[in-house]
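Q: For reference, the chains in residue letters:
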Amino acid sequence: MCGIIGYIGFREAKDVIIDGLKRLDYRGYDSAGIGIIDDKLQVFKEVGEITNLEKEIPLIKGDIGIGHTRWGTHGKVNKENAHPQISPNRKIIVVHNGIIENFKKLKEELENKGHTFTSQTDTEVIAHLLEEHYEGNLEAAVFTTLKQIQGAYAIVVMCEDEPETLVGARKESPLILGVGDNENFIASDIPALLKYTNRVIYLDEGELCVITKKSIHVFDENKKEVTKKEDIITWNVKDAEKSGFPHFMLKEIFDQPDAINQALRGRVSEIKQTINFPEEVEKLLTNGTDSIHIVACGTSYYAGLAGKYIIEQTCKIPVIVETASEYRFFSTRNKSSLVIAITQSGETSDTLAALREAKHSGCKTLAITNVIGSTATRITDGYILTQSGPEIGVAATKTFTSQIIILLLTALKIASIKNTLGSNDIYDYILRLKKLPREVRQILDNSNEIKRIAKQIKDSKSVFFIGRGINYPLSLEGALKLKEISYIHAEGFAAGELKHGPFALLTKDTPVVAIATNDSTYNKILANISEIKARGPQVIAIADEHDVEIEKHADFVLRFPSNSTLLSCVPITVILQLLAYHVANLRNCSIDKPRNLAKSVTVE
Amino acid sequence: MKCVILAAGEGKRMHPLTFTRPKVMLQIANKPILEWNLLNAIKADVKEFVFVVGYKSEMVRDYFGNGKKWNVTIEYVNQGRALGTSHAIGMVERFVDDCIVLCGDTIFGMQDIKNIAEKEISIGLFEVENAEEYGIVETKEGKVVKIYEKMNKPFSNIINAGIYHFNKDIFSYIRKTDKSPRGEYEITDSINLLLKKEEMKGIFLKEWKDVVYPWHLLDANEEILKKAEKKIEGIVEENTTIKGNVIVGKDTLIRAGSYIEGPVIIGNNCKIGPNCYIRAHTAIGNNCHIGNACEVKNSIVMDKSNVPHQNYVGDSVIGSNCNLGAGTKIANLRLDKKNINVILNGKKLDTKRRKFGAALGDNVQTGINSTINVGTTIGNNCFIGQAASVKGEVTPNSKIL
Numbered sequence: 001m002c003g004i005i006g007y008i009g010f011r012e013a014k015d016v017i018i019d020g021l022k023r024l025d026y027r028g029y030d031s032a033g034i035g036i037i038d039d040k041l042q043v044f045k046e047v048g049e050i051t052n053l054e055k056e057i058p059l060i061k062g063d064i065g066i067g068h069t070r071w072g073t074h075g076k077v078n079k080e081n082a083h084p085q086i087s088p089n090r091k092i093i094v095v096h097n098g099i100i101e102n103f104k105k106l107k108e109e110l111e112n113k114g115h116t117f118t119s120q121t122d123t124e125v126i127a128h129l130l131e132e133h134y135e136g137n138l139e140a141a142v143f144t145t146l147k148q149i150q151g152a153y154a155i156v157v158m159c160e161d162e163p164e165t166l167v168g169a170r171k172e173s174p175l176i177l178g179v180g181d182n183e184n185f186i187a188s189d190i191p192a193l194l195k196y197t198n199r200v201i202y203l204d205e206g207e208l209c210v211i212t213k214k215s216i217h218v219f220d221e222n223k224k225e226v227t228k229k230e231d232i233i234t235w236n237v238k239d240a241e242k243s244g245f246p247h248f249m250l251k252e253i254f255d256q257p258d259a260i261n262q263a264l265r266g267r268v269s270e271i272k273q274t275i276n277f278p279e280e281v282e283k284l285l286t287n288g289t290d291s292i293h294i295v296a297c298g299t300s301y302y303a304g305l306a307g308k309y310i311i312e313q314t315c316k317i318p319v320i321v322e323t324a325s326e327y328r329f330f331s332t333r334n335k336s337s338l339v340i341a342i343t344q345s346g347e348t349s350d351t352l353a354a355l356r357e358a359k360h361s362g363c364k365t366l367a368i369t370n371v372i373g374s375t376a377t378r379i380t381d382g383y384i385l386t387q388s389g390p391e392i393g394v395a396a397t398k399t400f401t402s403q404i405i406i407l408l409l410t411a412l413k414i415a416s417i418k419n420t421l422g423s424n425d426i427y428d429y430i431l432r433l434k435k436l437p438r439e440v441r442q443i444l445d446n447s448n449e450i451k452r453i454a455k456q457i458k459d460s461k462s463v464f465f466i467g468r469g470i471n472y473p474l475s476l477e478g479a480l481k482l483k484e485i486s487y488i489h490a491e492g493f494a495a496g497e498l499k500h501g502p503f504a505l506l507t508k509d510t511p512v513v514a515i516a517t518n519d520s521t522y523n524k525i526l527a528n529i530s531e532i533k534a535r536g537p538q539v540i541a542i543a544d545e546h547d548v549e550i551e552k553h554a555d556f557v558l559r560f561p562s563n564s565t566l567l568s569c570v571p572i573t574v575i576l577q578l579l580a581y582h583v584a585n586l587r588n589c590s591i592d593k594p595r596n597l598a599k600s601v602t603v604e
Numbered sequence: 001m002k003c004v005i006l007a008a009g010e011g012k013r014m015h016p017l018t019f020t021r022p023k024v025m026l027q028i029a030n031k032p033i034l035e036w037n038l039l040n041a042i043k044a045d046v047k048e049f050v051f052v053v054g055y056k057s058e059m060v061r062d063y064f065g066n067g068k069k070w071n072v073t074i075e076y077v078n079q080g081r082a083l084g085t086s087h088a089i090g091m092v093e094r095f096v097d098d099c100i101v102l103c104g105d106t107i108f109g110m111q112d113i114k115n116i117a118e119k120e121i122s123i124g125l126f127e128v129e130n131a132e133e134y135g136i137v138e139t140k141e142g143k144v145v146k147i148y149e150k151m152n153k154p155f156s157n158i159i160n161a162g163i164y165h166f167n168k169d170i171f172s173y174i175r176k177t178d179k180s181p182r183g184e185y186e187i188t189d190s191i192n193l194l195l196k197k198e199e200m201k202g203i204f205l206k207e208w209k210d211v212v213y214p215w216h217l218l219d220a221n222e223e224i225l226k227k228a229e230k231k232i233e234g235i236v237e238e239n240t241t242i243k244g245n246v247i248v249g250k251d252t253l254i255r256a257g258s259y260i261e262g263p264v265i266i267g268n269n270c271k272i273g274p275n276c277y278i279r280a281h282t283a284i285g286n287n288c289h290i291g292n293a294c295e296v297k298n299s300i301v302m303d304k305s306n307v308p309h310q311n312y313v314g315d316s317v318i319g320s321n322c323n324l325g326a327g328t329k330i331a332n333l334r335l336d337k338k339n340i341n342v343i344l345n346g347k348k349l350d351t352k353r354r355k356f357g358a359a360l361g362d363n364v365q366t367g368i369n370s371t372i373n374v375g376t377t378i379g380n381n382c383f384i385g386q387a388a389s390v391k392g393e394v395t396p397n398s399k400i401l
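These protein sequence lines map, in sequence, to chains A and B. First residue of the first sequence? That's 1 in our numbering, and the numbers climb one at a time after it. First residue of the second sequence? That's 1 in our numbering, and the numbers climb one at a time after it.
Among the hints, a few may not be true.
[As the list claims (entries may be wrong)] With a Cα cut of at most 25 Å, we get these calculated SDA-like pairs of lysine to any residue:
1. K61/A - R81/B
2. K213/A - R61/B
3. K434/A - P396/B
4. K399/B - R432/A
5. K22/A - K179/B
6. K55/A - R175/B
7. K272/A - K283/A
8. K272/A - G382/A
9. K229/A - E58/B
10. K272/A - L401/B
11. K40/A - E164/A
12. K435/A - T395/B
13. K399/B - R267/A
14. K399/B - E270/A
15. K213/A - M1/B
16. K399/B - Q442/A
17. K168/B - N182/A
18. K214/A - E93/B
19. K338/B - A220/B
20. K69/B - S215/A
21. K55/A - L83/B
22. K2/B - I42/B
23. K61/A - K179/B
24. K214/A - R81/B
25. K251/A - R81/B
26. K316/A - N518/A
27. K214/A - T73/B
28. K213/A - Y76/B
29. K229/A - K69/B
30. K2/B - E12/A
31. K61/A - Y76/B
32. K55/A - K176/B
33. K61/A - S172/B
34. K214/A - E48/B
35. K229/A - G67/B
36. K229/A - Y76/B
If you are wondering where the hints come from, they were derived from the structure by calculation, not from laboratory data.
Sequences are here, hints too, so could you generate the full structure?
A: Structure representation (structure tokens):
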């Protein structure tokens, strides 16, 4: 997981690259580096945030360069291991995102030939191989080098002897081209270049590109030139900025009413009372959905778990949810089951690997993702975009609720196909869905109570979240949000599971957040709350606005507007997000960039 | 000599029309402002252009391409960050030597462009009545002494018209320019640095049309249409009255009973009438429909918009892809006959016009019998419900029911 960028054109390459790296730092930020050709090749690297690097670079001219912000996978965080990695003759440099799986073998071979390595990175191997193969044509050297490499990569390469050319290539890691006038860009992600151009070309698996100021040529693995289509990005730079909020995360929490609308847009017809998806998606949902397998990681996995409750309840078909990284290790595959992958970035490598595995075993695949053109959208039989816009905060917020909305819509679509819900029920759901943005807005507008309760738990060492039914995955998500941004230990449990072990951890200093909805689980959760209270912890309940009974059991109550249980999961999630945010804020944590974490995880 | 046209601005003061297009792409007499400048510069013998683009640059590029359609070459430079005019001009250092620079959102005349092109290191000047809105230029014996920023009580009414002739030296002054108090790199500051070392001639322009607010489009439209010559390429049914200079585009059908008083331009593939009244200084874009019992006066109706049934549109600008419901009417005159005020971006402005209707952004739909009061601005993608009455500023994507 790293961010890379390359620039060639008429601007000061240093400014463009530093600027781009700052926009890519959600991909990792343990160290950063930049290489510029200004008569001769110069490379600067620093440990820490990109501003550290910026301070260290002397006044340097040059209109071609590459840069890298790293999230280490091989070797410690130090200057030597930062990119760009340099060839022994100091002529060729490379920035890389991904993992070279056979680097140990390649390294040994090179060492036997007399090469000495200065870093512990897998990437340095590429730089050495490029020098070995370089015979006056960088493009040819890259082709030859890539043939020897196994693993995932997005690379950009630059050579002092060819100061008019950048060469890039990708396999299983993202890389896009930004098309400019008298200048061109190459980067891991769109925000890095959006300031300068909104015309992009998505590189496909195994493709290699040669970029000059005025030209872009793309080749497939067999060196055959391919014609690529330009896409226009309609978000503007402002969309990717904080627009006045202290943190991206808070901005993105507040984006949710709009994000929900976006997710519903074009898919819900109030007049016809139907749910509509693109043709290929509808085909997937119509044919052979006897069972569903959901694969995902992290927050998306919890969205998947919530999806299980939603789909099983409305469609009466079995749903299995699997952590993507474990999916491969299960040996049975049901060909007739639809595999739905949930990945915000569309590049999460564990999820992509699971998808490939599923395809390989003959399953139909469907991706739910936020990024058009991402790998997930290209390798599946169909995809549904959450259309949430860029999410910069490392902790997923609006993309989670959008994923839930998409899962709700998917469930309603299947239910209408399978006739497990009548058209009146579906219409009722559609009306309730349309109310969600307003309900979320209501919570956002009245978040003072959440802030007050955040004070109660900010000094805790440990916080538990419990729920039953669909509220169980929500309690997992609530715990994940709290631990990832506030660094407080937090666990989510199915409420019934507490007494099978975790009870031993309860003390008066372990607050418990309990989600109580007015459905068949209500009395049971009240009983659980009483059991907990008896052991001393404070209980913070999240309950329906009309629930009076809960006051007798819980110490604090946070309210959400009444709606059907399946749909309440969206406002409840927003409460959990705000709670985590305010706790982290009171603890002065680095909310948008929690330690050790990166936004999209493109290594396994 | 190359001509650099600054076309990167969003034109916030042109809201709601610029929510969906850059200012230079606003159409006057059915051509973008930028095209009028391009055409005039071409007539002044310029063949090589550099467009500095930014906001929604793809629209500029899509329309003008590489310039082949006009037999000229057009290069593009994306400004990246919008950091002011000096920054924008600094962008083209690698692409030009001796060059004319002009602001793409102001319309300059052919002869004036020619005059500027002939005098190395010069600046276009223009005398206006109200100089408060512009940079004031102090001159002495035809030479520029200093340029001042906008001032409340200007000592002169000679203003900086936004057209320059520079040589390569300007770029060294641009590099030395500091940010102005309003946080931008201004070309006037760079010029003031230049004036300390070099001379710059002031050249008075004969024609100059600055468009700042939506209602200025109507003035510019009128001025250009006054020079229009009659040309009918579409089909005109019998019993139609066409007076004066009227331009009717290809595949446009004018049905019986239409009464058109020039100067008027109607684009291609429109359906006009039957029985409608189109009055002077009106520009109707391509693929529009003006239907039965509608009156359109001194207005701009952009592409793919419909004024289809029993509508009145006077002194108004209607964006593209709009549809007025039957009976929707736009008021354009106050009963007390006072100047019309407009609220734009939350600020109240005097249009200094006695007659002004409304400015509608793109994709606005109105319901039957809705009424739109004088000076209303409606953002793009708005719904105005049936029989609703709107006034003031309606933000984009609103539903008024």
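Q: Compare the structure with each hint and give your call.
A: Status of the hints after comparison with the structure:
| no. | hint | result |
| --- | --- | --- |
| 1 | K61/A - R81/B | 19 Å, holds |
| 2 | K213/A - R61/B | 18 Å, holds |
| 3 | K434/A - P396/B | 20 Å, holds |
| 4 | K399/B - R432/A | 20 Å, holds |
| 5 | K22/A - K179/B | 23 Å, holds |
| 6 | K55/A - R175/B | 21 Å, holds |
| 7 | K272/A - K283/A | 19 Å, holds |
| 8 | K272/A - G382/A | 24 Å, holds |
| 9 | K229/A - E58/B | 15 Å, holds |
| 10 | K272/A - L401/B | 22 Å, holds |
| 11 | K40/A - E164/A | 13 Å, holds |
| 12 | K435/A - T395/B | 22 Å, holds |
| 13 | K399/B - R267/A | 20 Å, holds |
| 14 | K399/B - E270/A | 17 Å, holds |
| 15 | K213/A - M1/B | 23 Å, holds |
| 16 | K399/B - Q442/A | 20 Å, holds |
| 17 | K168/B - N182/A | 19 Å, holds |
| 18 | K214/A - E93/B | 17 Å, holds |
| 19 | K338/B - A220/B | 22 Å, holds |
| 20 | K69/B - S215/A | 23 Å, holds |
| 21 | K55/A - L83/B | 22 Å, holds |
| 22 | K2/B - I42/B | 11 Å, holds |
| 23 | K61/A - K179/B | 22 Å, holds |
| 24 | K214/A - R81/B | 21 Å, holds |
| 25 | K251/A - R81/B | 23 Å, holds |
| 26 | K316/A - N518/A | 22 Å, holds |
| 27 | K214/A - T73/B | 15 Å, holds |
| 28 | K213/A - Y76/B | 13 Å, holds |
| 29 | K229/A - K69/B | 23 Å, holds |
| 30 | K2/B - E12/A | 23 Å, holds |
| 31 | K61/A - Y76/B | 23 Å, holds |
| 32 | K55/A - K176/B | 22 Å, holds |
| 33 | K61/A - S172/B | 16 Å, holds |
| 34 | K214/A - E48/B | 18 Å, holds |
| 35 | K229/A - G67/B | 22 Å, holds |
| 36 | K229/A - Y76/B | 20 Å, holds |
Checked against the numbered hints given earlier, the structure satisfies every one of them.
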